[in-house]
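A.B. asks: Chain by chain, the residues run as shown.
There are 2 protein chains.
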Amino acid sequence: MNKSSDAHRMEKIVSLCKRRGFIFQSSEIYGGLNGCWDYGPLGVELKRNLKNYWWRIMVHGRDDVVGLDGSILMNRAVWKASGHEDTFTDPMVDCRSCKARLRADQLVEKKGIKQCPNCGGKDLTAPRAFNLMFKTYVGATEDESSITYLRPETAQAIFVQFKNVLEVSRKKLPFGIAQIGKAFRNEINPRNFTFRSREFEQMELEYFCRTEEGMQWLDYWKEERLKFYENIGIARDNLHALTVPDEERAFYSKGTYDIEYDFPFGRQELEGVAYRTDYDLSQHQKASGKSLEYFDEETKQRFIPHVVEPSAGVDRTVLALICEAYSEDEAPDEKGKMETRIVLRFHPRIAPIKCAVFPLLKNKEPLVAKAKEIVAFLRPHMYVFYDETGAIGRRYRRQDEIGTPFSVTVDFETLGEKDPALRDTVTLRDRDSMKQERVPVKDLSSILVSRIS
Amino acid sequence: MNKSSDAHRMEKIVSLCKRRGFIFQSSEIYGGLNGCWDYGPLGVELKRNLKNYWWRIMVHGRDDVVGLDGSILMNRAVWKASGHEDTFTDPMVDCRSCKARLRADQLVEKKGIKQCPNCGGKDLTAPRAFNLMFKTYVGATEDESSITYLRPETAQAIFVQFKNVLEVSRKKLPFGIAQIGKAFRNEINPRNFTFRSREFEQMELEYFCRTEEGMQWLDYWKEERLKFYENIGIARDNLHALTVPDEERAFYSKGTYDIEYDFPFGRQELEGVAYRTDYDLSQHQKASGKSLEYFDEETKQRFIPHVVEPSAGVDRTVLALICEAYSEDEAPDEKGKMETRIVLRFHPRIAPIKCAVFPLLKNKEPLVAKAKEIVAFLRPHMYVFYDETGAIGRRYRRQDEIGTPFSVTVDFETLGEKDPALRDTVTLRDRDSMKQERVPVKDLSSILVSRIS
Numbered sequence: 001m002n003k004s005s006d007a008h009r010m011e012k013i014v015s016l017c018k019r020r021g022f023i024f025q026s027s028e029i030y031g032g033l034n035g036c037w038d039y040g041p042l043g044v045e046l047k048r049n050l051k052n053y054w055w056r057i058m059v060h061g062r063d064d065v066v067g068l069d070g071s072i073l074m075n076r077a078v079w080k081a082s083g084h085e086d087t088f089t090d091p092m093v094d095c096r097s098c099k100a101r102l103r104a105d106q107l108v109e110k111k112g113i114k115q116c117p118n119c120g121g122k123d124l125t126a127p128r129a130f131n132l133m134f135k136t137y138v139g140a141t142e143d144e145s146s147i148t149y150l151r152p153e154t155a156q157a158i159f160v161q162f163k164n165v166l167e168v169s170r171k172k173l174p175f176g177i178a179q180i181g182k183a184f185r186n187e188i189n190p191r192n193f194t195f196r197s198r199e200f201e202q203m204e205l206e207y208f209c210r211t212e213e214g215m216q217w218l219d220y221w222k223e224e225r226l227k228f229y230e231n232i233g234i235a236r237d238n239l240h241a242l243t244v245p246d247e248e249r250a251f252y253s254k255g256t257y258d259i260e261y262d263f264p265f266g267r268q269e270l271e272g273v274a275y276r277t278d279y280d281l282s283q284h285q286k287a288s289g290k291s292l293e294y295f296d297e298e299t300k301q302r303f304i305p306h307v308v309e310p311s312a313g314v315d316r317t318v319l320a321l322i323c324e325a326y327s328e329d330e331a332p333d334e335k336g337k338m339e340t341r342i343v344l345r346f347h348p349r350i351a352p353i354k355c356a357v358f359p360l361l362k363n364k365e366p367l368v369a370k371a372k373e374i375v376a377f378l379r380p381h382m383y384v385f386y387d388e389t390g391a392i393g394r395r396y397r398r399q400d401e402i403g404t405p406f407s408v409t410v411d412f413e414t415l416g417e418k419d420p421a422l423r424d425t426v427t428l429r430d431r432d433s434m435k436q437e438r439v440p441v442k443d444l445s446s447i448l449v450s451r452i453s
Numbered sequence: 001m002n003k004s005s006d007a008h009r010m011e012k013i014v015s016l017c018k019r020r021g022f023i024f025q026s027s028e029i030y031g032g033l034n035g036c037w038d039y040g041p042l043g044v045e046l047k048r049n050l051k052n053y054w055w056r057i058m059v060h061g062r063d064d065v066v067g068l069d070g071s072i073l074m075n076r077a078v079w080k081a082s083g084h085e086d087t088f089t090d091p092m093v094d095c096r097s098c099k100a101r102l103r104a105d106q107l108v109e110k111k112g113i114k115q116c117p118n119c120g121g122k123d124l125t126a127p128r129a130f131n132l133m134f135k136t137y138v139g140a141t142e143d144e145s146s147i148t149y150l151r152p153e154t155a156q157a158i159f160v161q162f163k164n165v166l167e168v169s170r171k172k173l174p175f176g177i178a179q180i181g182k183a184f185r186n187e188i189n190p191r192n193f194t195f196r197s198r199e200f201e202q203m204e205l206e207y208f209c210r211t212e213e214g215m216q217w218l219d220y221w222k223e224e225r226l227k228f229y230e231n232i233g234i235a236r237d238n239l240h241a242l243t244v245p246d247e248e249r250a251f252y253s254k255g256t257y258d259i260e261y262d263f264p265f266g267r268q269e270l271e272g273v274a275y276r277t278d279y280d281l282s283q284h285q286k287a288s289g290k291s292l293e294y295f296d297e298e299t300k301q302r303f304i305p306h307v308v309e310p311s312a313g314v315d316r317t318v319l320a321l322i323c324e325a326y327s328e329d330e331a332p333d334e335k336g337k338m339e340t341r342i343v344l345r346f347h348p349r350i351a352p353i354k355c356a357v358f359p360l361l362k363n364k365e366p367l368v369a370k371a372k373e374i375v376a377f378l379r380p381h382m383y384v385f386y387d388e389t390g391a392i393g394r395r396y397r398r399q400d401e402i403g404t405p406f407s408v409t410v411d412f413e414t415l416g417e418k419d420p421a422l423r424d425t426v427t428l429r430d431r432d433s434m435k436q437e438r439v440p441v442k443d444l445s446s447i448l449v450s451r452i453s
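Listed in order, the protein sequences are those of chains C and U.
Note that this note's numbering has the first sequence beginning at 1, numbered continuously upward.
Note that this note's numbering has the second sequence beginning at 1, numbered continuously upward.
Any copy will do: because identical chains look the same in the list, a pair fits if it lies in one copy or spans two.
Each computed SDA-like pair below joins lysine to any residue, with the alpha-carbon atoms no more than 20 Å apart:
{"id": "1", "residue 1": "LYS99", "residue 2": "ALA129"}
{"id": "2", "residue 1": "LYS227", "residue 2": "GLN268"}
{"id": "3", "residue 1": "LYS182", "residue 2": "GLY139"}
{"id": "4", "residue 1": "LYS163", "residue 2": "GLN25"}
{"id": "5", "residue 1": "LYS227", "residue 2": "HIS240"}
{"id": "6", "residue 1": "LYS182", "residue 2": "TYR137"}
{"id": "7", "residue 1": "LYS418", "residue 2": "LEU428"}
{"id": "8", "residue 1": "LYS362", "residue 2": "ASP64"}
{"id": "9", "residue 1": "LYS51", "residue 2": "VAL314"}
{"id": "10", "residue 1": "LYS372", "residue 2": "ASP64"}
{"id": "11", "residue 1": "LYS135", "residue 2": "LYS182"}
{"id": "12", "residue 1": "LYS227", "residue 2": "ILE259"}
{"id": "13", "residue 1": "LYS51", "residue 2": "GLY181"}
{"id": "14", "residue 1": "LYS435", "residue 2": "LEU422"}
{"id": "15", "residue 1": "LYS80", "residue 2": "GLN25"}
{"id": "16", "residue 1": "LYS172", "residue 2": "LYS372"}
{"id": "17", "residue 1": "LYS80", "residue 2": "SER288"}
{"id": "18", "residue 1": "LYS135", "residue 2": "ILE188"}
{"id": "19", "residue 1": "LYS51", "residue 2": "ILE232"}
{"id": "20", "residue 1": "LYS171", "residue 2": "ALA376"}
{"id": "21", "residue 1": "LYS99", "residue 2": "LYS114"}
{"id": "22", "residue 1": "LYS182", "residue 2": "GLN202"}
{"id": "23", "residue 1": "LYS182", "residue 2": "VAL314"}
{"id": "24", "residue 1": "LYS370", "residue 2": "ASP64"}
{"id": "25", "residue 1": "LYS80", "residue 2": "ASN34"}
{"id": "26", "residue 1": "LYS135", "residue 2": "SER146"}
{"id": "27", "residue 1": "LYS171", "residue 2": "GLU401"}
{"id": "28", "residue 1": "LYS135", "residue 2": "PRO152"}
{"id": "29", "residue 1": "LYS172", "residue 2": "PHE385"}
{"id": "30", "residue 1": "LYS286", "residue 2": "ASN164"}
If you are wondering where the hints come from, they were derived from the structure by calculation, not from laboratory data.
Start from the sequences and build out the full structure, keeping to the hints where you can.
C.D. replies: Pasting the structure below:
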């Protein structure tokens, strides 16, 4: 697709997100807060399904990984040791003409002269280092001694608790510690909807291993993570594992892959899989004076393990899922006239609502009662949604637009009023094919459970 | 129990939490950060089970509630309108003798004279208002115009998104918006382990209703919430619904219950169920200039709904679950000698690990293979844990101490080596009764699923 159709597609996605309650601007009634977003009724379900699936695959599904949930506020010493206080900065430039504040790499260059991309001005300040961590004060005084930061990544909580987790979990190398949680970066220019935001959520695994095994685990995790994205419905063709070249990697990393996705606004990173060596644990051991070594019972050696980190952005992945799912096709309306149908083709595993249940008519009490009975019967197994308003075709369209994979309609056949053989059967309609099948109510739960897990 | 045995009990609980990986001090290797805690491998599972059960009951289990996940950083105008910027304060006093910083209500009074509880000093400053919100700066400049706060409660995100959620969800009154998320308060004196911390998580429902129905929904939600705590294993006798007296309620509240629990350190609040009237929506309507009214299609009236708020503390509830579960009894060791057994009697629904699987001996390959096969077979249905080290009695004790309700042992009977009729059966052991039953492997999953849900 070309640039303008991609931009148009993105506009439609953003509009759908707001209109149907996936994502709202934070504090919208007060003009918002740049780089902060709220997940509405459907967005919160999509995000929960993604995070729960990640946890299921990365923690519960494995013998070699345990979880952690660290606090967002940590002792400032963590950020001194990790290097974030000194070096987690972007170079920033001010335009003296239009007062715009710019990341130095966003300046435009014409005939060798740097210009402001806003006004074309050439009167620019020298670049200054701008720290991306949000600062706050803990305790009753606001002074140097009470400073700390909102964590800019979740990883450090794992490194500083490495020894505690090792002791309580009795794990042997290789093993991992997984965490899902919020992180914060005071981005100079948040952009691309929720893609680059100031408040975001990460799903990170720190996988500790022997020194000599780092490179092989790096490749293993790159492949595992690509499979993960395929398993939540992202086509392999839209995913790219970029080998980050030497000069662009963090200085402590011996190898990094960026897993990228083809967003409508360009190919962008979903996840970094980085071989961080023993850098982080070594830094914290030096700064804290506490041993973060591993004792190998076989070789009787003590050493600081190396680590491979698959670090995924929750919000970016949610956005990729929505972009991937968004599609338009042609379908007949109630009167048989063809119209454009918007469909979110979510994998049933991550779709916010798994099944919608409709009585054919809302003013026929037996239909309504039967539909509500089916809701109650499905509810322990999945998130279901009851809707009785509007023509049945419109109700299907509303579910298509939010990606509900299955809809069940209770009609007069269900009540046995036409053909006694069809009593207690319902119409099960598939979102993608729009095909309908007749299914006994008693089999509904097992049919649906097998299709959504 | 008396004070000293309660204090001793609390010490044992705190020690178990650290030793077995429920809760660690945040940034522990750097001396911690007062009022911040990390959840270890078992704590994170317990917390997830609690939050997921709350979501299942409060959102998925109902037609009248939808979810939301708002950002922690919001526009400062939210906190001006809600009153937090001006009035969310504690009066604070400094002791000039020992430099202690104290909440005014923590001073001791002897013969009518206020004294420092630390040093007994009487040279105290006048009380000053200390705002409990953590301040930070958003954007590239640190000045008055870029100030905002970490949210001190999750509720306001729901109020400011009320209109958006109403529109996208097409709900009619009464209906609710639910949210789970972190909030932050710069407590002068964090205390009682994780009970009063600076970073904490809330599970809140704002339930909107007609003006005249507020008091009845208040009572409804008090009862529902009491049931919830019973359903996660807290004995009704240890729960108390306190009617907050007029003079102690927030000025805008027409009625509030505190749901309290008998912690070893005293009776303390788990959840507040507050009838907040139309105060919050009215404040935001006034401050934002945006209508937050509800249009009643039947009466053709427009009005600001009233709201009842059941607001629970995640960390407090996790702590209550651990305190409630902690028990000691006498059980025979491997040699039949009676010893003290520590057991966390968690309700299976919220227990971190649902089932442990053991091969009787780790050096018998067929036992190990069969045990691993059972792990793989149970894993899609629940969080299972494989352990092969130590005598079987010790393995049971380790699971008792972390509250695993069921353990499965694969022995020579399982392999059919003794009695062919017992081939493919295992020992299923119950944590509380310590009774063992012989169960066919093929029935294991359905037996366990029915006992843990």
